[in-house]
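Novice: Spelled out from the first residue to the last, the chains are:
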Amino acid sequence: MSLHAATAAEIGRGLASRQYSSVEVTRHFLERIERANPALNAFVTVTAERALEDAKRADLRLARGEGGPLTGVPLAHKDIFCTSGILTSCGSRMLANFVAPYDATVVERLDAAGMVLLGKTNMDEFAMGSSNETSFYGPVRNPWDTAKVPGGSSGGSAAAVAARIAPVATGTDTGGSIRQPGALTGLTGFKPTYGRVSRYGMIAFASSLDQAGVLAQSAEDAALVLGAMAGHDARDSTSVDAPVPDYASGLEKPVKGLKIGIIREFFGDGLEAGTGTAVRAAIEALRKEGATVEELSLPNLPLSVPTYYVVAPAECSSNLSRFDGVRFGYRCRDPKDLLDLYRRSRGEGFGAEVKRRIMTGTYVLSAGYYDAYYLKAQKVRSLINADFRRAFERVDVLMGPTTPTPAFGIGAKTDDPILMYLNDIYTIGANLAGLPAVSVPCGLVDGLPVGLQVIGPHFSEQRLLAVAHAWQRATDWHRRLPPGFA
Amino acid sequence: MANDWETVIGLEIHAQLATRSKIFSGSATAYGAPPNAQASLVDLGYPGTLPVLNGEAVRMAVRFGLAIGAAVARRSVFARKNYFYPDLPKGYQISQYELPVVQRGEVEIVLEDGVRKAVGVTRAHLEEDAGKSLHEGLGRASGIDLNRAGTPLLEIVSEPDMRSAREAVAYMKKIHTLVRYLEICDGNMQEGSFRCDANVSVRRRGETAFGTRCEIKNLNSFRFVERAINHEVERQVELIEGGGKVVQETRLFDPDRNETRPMRSKEEANDYRYFPDPDLLPLVIDEAFVEEVRAGLPELPDAKAARFAREHGLSAYDAGVLTASREIAAYYEAVAAGAGEPKLAANWVMGEVSGFLNRDGLDIGDSPVTSAALAGMLKRIVDGTISGKLAKEVFEAMWNERRDADAIIEAKGLKQITDTGAIEKTIREVMSASPGQLADYRAGKEKLFGFFVGQVMKATAGKANPAQVNELLKKLLAGP
Numbered sequence: 001m002s003l004h005a006a007t008a009a010e011i012g013r014g015l016a017s018r019q020y021s022s023v024e025v026t027r028h029f030l031e032r033i034e035r036a037n038p039a040l041n042a043f044v045t046v047t048a049e050r051a052l053e054d055a056k057r058a059d060l061r062l063a064r065g066e067g068g069p070l071t072g073v074p075l076a077h078k079d080i081f082c083t084s085g086i087l088t089s090c091g092s093r094m095l096a097n098f099v100a101p102y103d104a105t106v107v108e109r110l111d112a113a114g115m116v117l118l119g120k121t122n123m124d125e126f127a128m129g130s131s132n133e134t135s136f137y138g139p140v141r142n143p144w145d146t147a148k149v150p151g152g153s154s155g156g157s158a159a160a161v162a163a164r165i166a167p168v169a170t171g172t173d174t175g176g177s178i179r180q181p182g183a184l185t186g187l188t189g190f191k192p193t194y195g196r197v198s199r200y201g202m203i204a205f206a207s208s209l210d211q212a213g214v215l216a217q218s219a220e221d222a223a224l225v226l227g228a229m230a231g232h233d234a235r236d237s238t239s240v241d242a243p244v245p246d247y248a249s250g251l252e253k254p255v256k257g258l259k260i261g262i263i264r265e266f267f268g269d270g271l272e273a274g275t276g277t278a279v280r281a282a283i284e285a286l287r288k289e290g291a292t293v294e295e296l297s298l299p300n301l302p303l304s305v306p307t308y309y310v311v312a313p314a315e316c317s318s319n320l321s322r323f324d325g326v327r328f329g330y331r332c333r334d335p336k337d338l339l340d341l342y343r344r345s346r347g348e349g350f351g352a353e354v355k356r357r358i359m360t361g362t363y364v365l366s367a368g369y370y371d372a373y374y375l376k377a378q379k380v381r382s383l384i385n386a387d388f389r390r391a392f393e394r395v396d397v398l399m400g401p402t403t404p405t406p407a408f409g410i411g412a413k414t415d416d417p418i419l420m421y422l423n424d425i426y427t428i429g430a431n432l433a434g435l436p437a438v439s440v441p442c443g444l445v446d447g448l449p450v451g452l453q454v455i456g457p458h459f460s461e462q463r464l465l466a467v468a469h470a471w472q473r474a475t476d477w478h479r480r481l482p483p484g485f486a
Numbered sequence: 001m002a003n004d005w006e007t008v009i010g011l012e013i014h015a016q017l018a019t020r021s022k023i024f025s026g027s028a029t030a031y032g033a034p035p036n037a038q039a040s041l042v043d044l045g046y047p048g049t050l051p052v053l054n055g056e057a058v059r060m061a062v063r064f065g066l067a068i069g070a071a072v073a074r075r076s077v078f079a080r081k082n083y084f085y086p087d088l089p090k091g092y093q094i095s096q097y098e099l100p101v102v103q104r105g106e107v108e109i110v111l112e113d114g115v116r117k118a119v120g121v122t123r124a125h126l127e128e129d130a131g132k133s134l135h136e137g138l139g140r141a142s143g144i145d146l147n148r149a150g151t152p153l154l155e156i157v158s159e160p161d162m163r164s165a166r167e168a169v170a171y172m173k174k175i176h177t178l179v180r181y182l183e184i185c186d187g188n189m190q191e192g193s194f195r196c197d198a199n200v201s202v203r204r205r206g207e208t209a210f211g212t213r214c215e216i217k218n219l220n221s222f223r224f225v226e227r228a229i230n231h232e233v234e235r236q237v238e239l240i241e242g243g244g245k246v247v248q249e250t251r252l253f254d255p256d257r258n259e260t261r262p263m264r265s266k267e268e269a270n271d272y273r274y275f276p277d278p279d280l281l282p283l284v285i286d287e288a289f290v291e292e293v294r295a296g297l298p299e300l301p302d303a304k305a306a307r308f309a310r311e312h313g314l315s316a317y318d319a320g321v322l323t324a325s326r327e328i329a330a331y332y333e334a335v336a337a338g339a340g341e342p343k344l345a346a347n348w349v350m351g352e353v354s355g356f357l358n359r360d361g362l363d364i365g366d367s368p369v370t371s372a373a374l375a376g377m378l379k380r381i382v383d384g385t386i387s388g389k390l391a392k393e394v395f396e397a398m399w400n401e402r403r404d405a406d407a408i409i410e411a412k413g414l415k416q417i418t419d420t421g422a423i424e425k426t427i428r429e430v431m432s433a434s435p436g437q438l439a440d441y442r443a444g445k446e447k448l449f450g451f452f453v454g455q456v457m458k459a460t461a462g463k464a465n466p467a468q469v470n471e472l473l474k475k476l477l478a479g480p
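These protein sequence lines are chains A and B, in that order.
Sequential numbering from 1 applies to the first sequence in my numbering.
Sequential numbering from 1 applies to the second sequence in my numbering.
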């Protein structure tokens with residue numbers, strides 16, 4: 001088995017047993033990035049020098065026998081995480097000159113685990129998009145078919161791991177931005193419970209929905225990386241002060257006796273036939289392994305997309321006000337006065353999709369519209385929450401497709417934002433309710449990966465990872481590499 | 001006629017809370033640091049940073065709530081007030097909007113005629129202050145100083161209960177006293193730690209509906225509050241009597257020109273788009289915390305004044321003056337206890353001490369005559385060492401030389417002569433020096449008694465004990 005086809009966990013074991021050094025592993029991935037990235041556009045910044053320094057440090061640590069399972073394993077961070085001394089662009093012209101003066105908590109913790117930073121990955125601008133086409137740095141291409149999108153907004157991280165130019169990568173998920181690209185590129189995309197991972201240093205899109213997670217090759221990798229980045233952080237008031245279980249040690253729990261609920265609303269019109277078939281087959285296979293399956297209705301779930309497109313833009317319209325050309329980021333040339341500085345810095349610094357959402361958000365919070373939109377959306381949000389709560393009184397996990405279709409063509413949906421928004425129809429619910437969810441590869445349709453989504457109650461990360469791991473022990477979809485990147 | 005009109009005033013007071021660090025970051029709040037020396041990444045609104053609530057600010061807000069008998073909200077919510085301004089780094093101010101931490105309460109003010117009046121406090125909420133824009137000395141550019149950005153404020157909103165500028169000032173002074181008693185605000189108005197906005201309207205006497213109000217922003221002295229309100233009332237009355245209408249707007253007071261004028265409408269045409277801040281969880285306060293804070297409350301000014309009146313026999317007015325600040329009250333109490341004569345202590349603190357402090361522009365804490373020193377001097381009055389009249393001279397020397405009374409009395413030889421033999425000797429000398437007057441007195445001209453007292457006092461440079469002089473004189477003048 002070649003090095004790059006190894007999972008992060010396998011690389012970690014290889015490092016621990018001194019089969020190779022971290023410097024060797026890191027060089028291998030840096031070379032692969034150099035060869036493959038021009039076609040994929042997965043990285044905004046490659047931090048080769050920093051990577052080799054990290055690797056040397058990791059090797060010393062391993063030599064002293066002080067390493068952990070991730071020490072010396074390379075990773076990539078989505079360019080939404082602040083990295084001290086390194087460009088942190090958030091996929092935007094607005095921050096194309098922004099060298100962060102500090103590390104995000106996620107970055108700090110994975111650094112402390114001894115991981116090696118390969119670089120920062122491309123993403124939809126400010127994480128607003130489902131195809132990675134809104135990036136200031138241009139679209140990312142799907143390694144399974146470079147004419148197709150990798151999904152978004154964590155499209156760069158997904159493409160990088162799918163093409164095995166990085167063993168594992170971080171992502172963020174506000175409405176599906178880890179699970180959807182995970183599904184479209186054949187990866188294990190894990191979004192934890194809201195509050196499980198600190199948001200400090202993660203540039204905010206919609207604060208009540210944003211959650212950091214992992215794009216990985218396997219449930220085991222996701223368990224290891226999540227375990228290293230999760231936990232309470234006093235710098236984020238919404239981070240939850242609860243102990244982090246040893247996710248990796250809980251993976252082997254069998255699915256026998258697991259109560260699976262199938263979300264009826266996820267199998268209606270709009271679900272592409274091949275995707276539906278693959279997902280149903282996966283659930284049937286789990287039933288044969290000893291799980292029980294029942295169909296459930298979450299009647300308010302179809303309201304997820306409209307609810308999300310009120311709540312998320314509202315929060316983003318306020319979160320993005322700090323980008324005003326005064327203290328950091330893009331500033332227009334020769335502003336005439338203050339208003340001109342604001343207008344042109346923001347007008348020139350933000351792309352079309354970001355502006356669309358800022359305007360939508362400003363509108364729904366305006367006097368006279370607040371009750372009709374924002375307040376109503378919050379009420380629907382709590383109804384969706386209640387739907388999930390009721391469902392979890394009956395079942396352990398909910399299942400359904402991650403996306404309605406496999407990856408679509410670059411440019412296919414860019415003219416129709418509504419069509420684009422509907423791509424997240426199955427993923428948004430978990431964000432609105434703050435639930436953990438994972439997408440695992442469960443088949444190929446016309447050579448493109450399809451994802452099975454598993455959603456659990458709050459803080460059921462361990463259960464979700466065990467289910468994903470059981471599925472991956474029984475199948476090899478997660479070990480298939482895109483042709484051309486083997 | 002101005003008498004046909006009634007004024008209605010409500011105040012929004014901003015008290016800067018005396019926490020060491022900011023409300024949502026660990027930066028220091030000290031005044032006067034070089035620009036931006038106290039602005040962290042959080043204060044600068046850097047991408048990815050998040051607010052973390054300072055528990056001390058909450059404790060201070062609860063102290064205030066309990067002191068005005070208000071309900072402390074078990075759950076309150078921080079919202080974002082969205083607007084663009086260079087000294088507002090995040091593009092929004094975090095402030096409690098729909099659910100404030102302190103709800104309805106009340107304070108009592110005492111008017112000049114001694115009438116007491118209750119003023120309702122609608123609410124008090126926590127919020128962060130903005131930075132400052134600097135427009136001087138930078139050529140065409142403007143500077144931004146974010147040291148103040150994120151400083152905790154308690155915004156105290158009154159009911160429209162006040163009916164004159166004087167009532168408004170009395171209320172503002174009352175709150176000023178209270179926040180300093182509670183040690184939640186230094187009350188420094190020059191530095192902007194305590195400032196207010198005044199909502200002013202007028203209506204014809206007898207009307208029950210409110211007139212259209214104007215808000216006068218950023219008044220940072222008691223004097224300005226009084227003047228600004230009076231000018232605004234005058235303006236509104238003239239406007240209406242001239243057939244015009246008051247427009248609801250925000251105005252600024254210009255103390256140099258003694259007028260209020262509208263702020264540019266651009267600055268107030270904001271739709272703030274308030275919504276709950278998703279970065280902060282609702283603030284939940286439990287009963288145990290409230291009780292803990294209650295247990296730590298100091299004796300409040302009203303209670304202290306009542307106690308002074310009751311236990312020290314002071315008038316309500318004197319008790320009020322002596323409790324205007326915690327420091328004055330403590331000074332007075334120490335003097336009263338040390339001298340054992342509360343009324344005498346009260347007279348001296350309100351008289352000489354406050355007169356000298358005013359003259360020299362000092363605070364009671366800086367008084368050259370400490371409470372112990374003053375008590376020491378009062379004891380010398382009580383025990384007859386010095387007369388009340390000489391005491392003023394002693395006090396002035398104590399003030400200037402920072403020495404205690406006994407040292408001054410000794411050095412200046414001001415000690416009262418109480419030795420009967422010495423006084424008798426002086427009287428005999430005076431008698432032999434004035435044989436004519438003595439003969440007249442003995443012949444029945446008793447008015448001459450005063451003449452002899454004067455001569456004796458003159459001869460002893462005022463130091464002879466007057467009571468003893470009287471007694472001995474009577475005896476010696478009467479016969480051989």
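The set of hints was computed from the structure by calculation and includes no laboratory data.
Keep in mind that a hint or two might mislead.
Result set (DSS-like, lysine-lysine): computed pairs, CA atoms no more than 27 Å apart in a straight line [to be verified]:
1. K81/B <-> K355/A
2. K81/B <-> K379/A
3. K458/B <-> K474/B
4. K343/B <-> K336/A
5. K415/B <-> K463/B
6. K474/B <-> K389/B
7. K445/B <-> K412/B
8. K463/B <-> K392/B
9. K132/B <-> K117/B
10. K343/B <-> K173/B
11. K117/B <-> K245/B
12. K389/B <-> K376/A
Label pairs and their calculated CB-CB ranges [unchecked claim]:
13. E292/B <-> F267/A: 26 to 34 Å
14. R479/A <-> P282/B: 28 to 36 Å
15. L419/A <-> G244/B: 31 to 39 Å
16. V115/B <-> P306/A: 54 to 62 Å
17. E56/B <-> F267/A: 28 to 36 Å
18. P306/A <-> G206/B: 51 to 59 Å
Glycine residues also receive a C-beta, built at the ideal position from the N, C-alpha and C atoms.
Novice: Please go over all the hints and tell whether each is borne out by the structure.
Specialist: Taking the hints in turn, this is what the structure says about them:
1. K81/B <-> K355/A: Measuring from Cα to Cα gives roughly 20 Å; hence the hint holds.
2. K81/B <-> K379/A: 22 Å, holds
3. K458/B <-> K474/B: Within the cut-off at roughly 18 Å; holds.
4. K343/B <-> K336/A: Outside the cut-off at roughly 69 Å; violated.
5. K415/B <-> K463/B: 7 Å, holds
6. K474/B <-> K389/B: Holds - the C-alpha atoms of K389/B and K474/B are around 23 Å apart, at most 27 Å.
7. K445/B <-> K412/B: Given pair K445/B, K412/B is violated - Cα atoms ~37 Å apart, limit 27 Å.
8. K463/B <-> K392/B: Measuring from Cα to Cα gives roughly 14 Å; hence the hint holds.
9. K132/B <-> K117/B: Violated: K132/B and K117/B sit about 37 Å apart, past 27 Å.
10. K343/B <-> K173/B: Holds. K343/B to K173/B sits at ~25 Å (cutoff 27 Å).
11. K117/B <-> K245/B: Violated, at about 31 Å.
12. K389/B <-> K376/A: Violated: K389/B and K376/A sit about 79 Å apart, past 27 Å.
13. E292/B <-> F267/A: 26 to 34 Å: Given a distance of about 55 Å, which is not inside 26 to 34 Å, the answer is violated.
14. R479/A <-> P282/B: 28 to 36 Å: Given range 28 to 36 Å: violated, Cβ gap about 46 Å.
15. L419/A <-> G244/B: 31 to 39 Å: Since L419/A and G244/B have Cβ atoms about 57 Å apart, the given range 31 to 39 Å is violated.
16. V115/B <-> P306/A: 54 to 62 Å: Holds: the Cβ-Cβ distance is about 60 Å, inside 54 to 62 Å.
17. E56/B <-> F267/A: 28 to 36 Å: Violated - the Cβ-Cβ distance for E56/B and F267/A, about 54 Å, lies outside 28 to 36 Å.
18. P306/A <-> G206/B: 51 to 59 Å: 54 Å, holds
Of the numbered hints listed earlier, those contradicted by the structure are 4, 7, 9, 11, 12, 13, 14, 15, 17.
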